[in-house]
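Visitor: Chain by chain, the residues:
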Amino acid sequence: MIRFSESHEYVRVEGDFGFIGISDYAQKQLGNVVYVDMPEVGDELEKGEDFGAIESVKAASDLISPVSGEVVEINEALEENPRLVNQDAMANWIVKVKLADMSELDDLMNQDDYESFCKNG
Amino acid sequence: MNRELYGKLVFELSRPGRRGYRLPDNHIGEVHTEGGQQPPVIADALLRQQPLRLPQCDELTVVRHYNNMSTNNFGVDTGFYPLGSCTMKYNPKINEEMASHEAFVNVHPAAPDNAVQGNLELYYTLQRSLSEIGGMAEFTLNPFAGAHGELTGLMVIRAYHDARGDKARRKIIVPDSAHGTNPASAAVAGLEVVEVKSRPDGTVDVDDLRPLLDETVAGMMMTNPNTLGIFEKDIPEIARLVHEAGGLMYYDGANLNPMLGIARPGDMGFDVMHINLHKTFSTPHGGGGPGSGPVGVRAGLEKFLPNPRVVKIENADGTMGYRLEMGADALGSISATLGNFAVQARALSYIMSLGSEGLMDVGPLATLNANYVKECLKDDYLLPVEGVCKHEFVFDGLRDKSEHITTLNVAKRLLDHGYHAPTIYFPLLFHESLMIEPTETESKETLDEFIAVMHDIAREARETPDVVRNAPHNTPITHPDDTAAALNPVVTFDALEQTEE
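Protein sequence lines correspond, in order, to chains A and B.
Residues in the first sequence are numbered consecutively from 1, following the numbering used here.
Residues in the second sequence are numbered consecutively from 1001, following the numbering used here.
Hints listed in this document are in silico derivations from the structure and should not be mistaken for laboratory results.
Where is the CB? At the ideal position from N, CA and C, for every residue including glycine.
Mixed in with the good hints there might be a few duds.
As the list claims (entries may be wrong) - Incomplete in silico selection of chain A near chain B, CB under 8 Å:
hint: 1; residue: Gln-29
hint: 2; residue: Asn-32
hint: 3; residue: Val-57
hint: 4; residue: Lys-58
hint: 5; residue: Ala-59
hint: 6; residue: Leu-99
When you get a sec, could you build the whole thing from the sequences and use the hints?
Guide: Laid out in structure tokens, this is it:
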């Protein structure tokens, strides 16, 4: 299951865990990514709060967490090669969290809703 | 210019043994100080083991190299520079003459007050002028730049709340259209940033603001006109709400230019403000400074201003003079000296040569120029916020996006025509922001030429899109890899050689 937020983050849910990244649409809007500022393992993310930042040749943007939960893993490959986000935003998640509240997913958009949100936005 | 020979780094022009002058052998011999002591010897560990790697060139090569390089520069003195939010107005040459006056340039920064009365008078006079222009009680000219001014102003706000024992106020409200320096300065000042949303017309959404106002609010930062060039018409209401909640209003002076002599932040309810002298008061900027970001405060907040302050005093003989004062309630010092003095001298020169009448023409002319360019171009470029703007405006890229020509492409194509690119991808409210600020110093002829070129680029985008997509075509460097430059900057010749190996 995959869900999207209005600030263009996604969360891919696998069991109790969520993989959070930025959408392909967000990646395209940002342009070439040069730096991803990630939280540390053990940090608590809160839905709607920023947990890091992503910097491209165009702009620096906060990363807003679509869900709450504890960071159990960060995608270390992005430290060396932030351009992976441009190559495949959906495969190159930024953090893996242990989901604190499954019901938070209900407020997010599914793939179809998100696509029409992007078209109209 | 012969790029083969002169488009290179001076290190690449170096040839072993090449030199400009040959100095005679030293025939004085060893020097002994009075009393016959040997001069101090530098320890071997501190001496360089390898000779310093300086380029070896003859004088003519050096002269041609730097002369040719200087022609690659672009500034307001070279051509039109419509960089939105930066107020790249012409800097009258009389400012330079005043700032380089020998009575100023040879002053030691630590000279005693009585030896630098002229400098202190200039500081004080400018401080008073800015207070009148801003509607504030007093200014400090000590901050070195705009963001330094923001930090200083926010420290004043903190000091104000702390002095009242109200230490829970740590929240600063910043509009989503704000300059990036606002949240950055607030974070450096140890405050927590809370964003307030804009309405579709780009102004602050008062309904979104209300619920944010509570007993933890230290203040709110605003730019007026905002970064879309729109006047925040609800400012009295916003100021009232923030004051009722116990917060202070901070005015970011980045866009003061259209307001000079027309409207004063102090009258709108702002308590603290900064001014970018390098923008509004016409001193050269871009490329990192030197800038100057004086901070003004309303009555009651003066005592928190950083040390030292310049005060006017009556001398024993009845004449007036100036001295430095260190206030006990001041937030501390934010600079080693009285700020960038030469920039202050230029700003005062600008204010005095225009006079109050001339200053009052600045805003209307800047506003007229911006609206003229906007109205002439909105057939080809998408104008997201209709209506009269102030000194600048923002397009959301080309209207016709069928060929996927981006704002970046348009900006790069402008370089081919000898213009500095406008500000692009800011503010973040639109995807293809293209922000134009012509300033009051440009003639109608210059604006008409620019408008014609912008129309040409829009036509090219429809008819020969690759010309725009692959621009620039005739700049010294055409397509630098900006991603690689950000990821792996190569800033020394040694590093360049290593990459090439």
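Visitor: Now, for every hint given, state plainly whether the structure supports it.
Guide: Hints versus structure:
1. Gln-29: Holds. Min distance 6 Å.
2. Asn-32: Check passed: Cβ of A:Asn-32 comes within 4 Å of chain B, closer than 8 Å.
3. Val-57: holds, 5 Å
4. Lys-58: Nearest chain B Cβ about 5 Å off; hint holds.
5. Ala-59: Status holds, d = 6 Å.
6. Leu-99: Since chain B brings no Cβ nearer than about 26 Å to A:Leu-99, farther than 8 Å, the hint is violated.
Hint 6 from the earlier list is the only one contradicted by this structure; the remaining hints agree with it.
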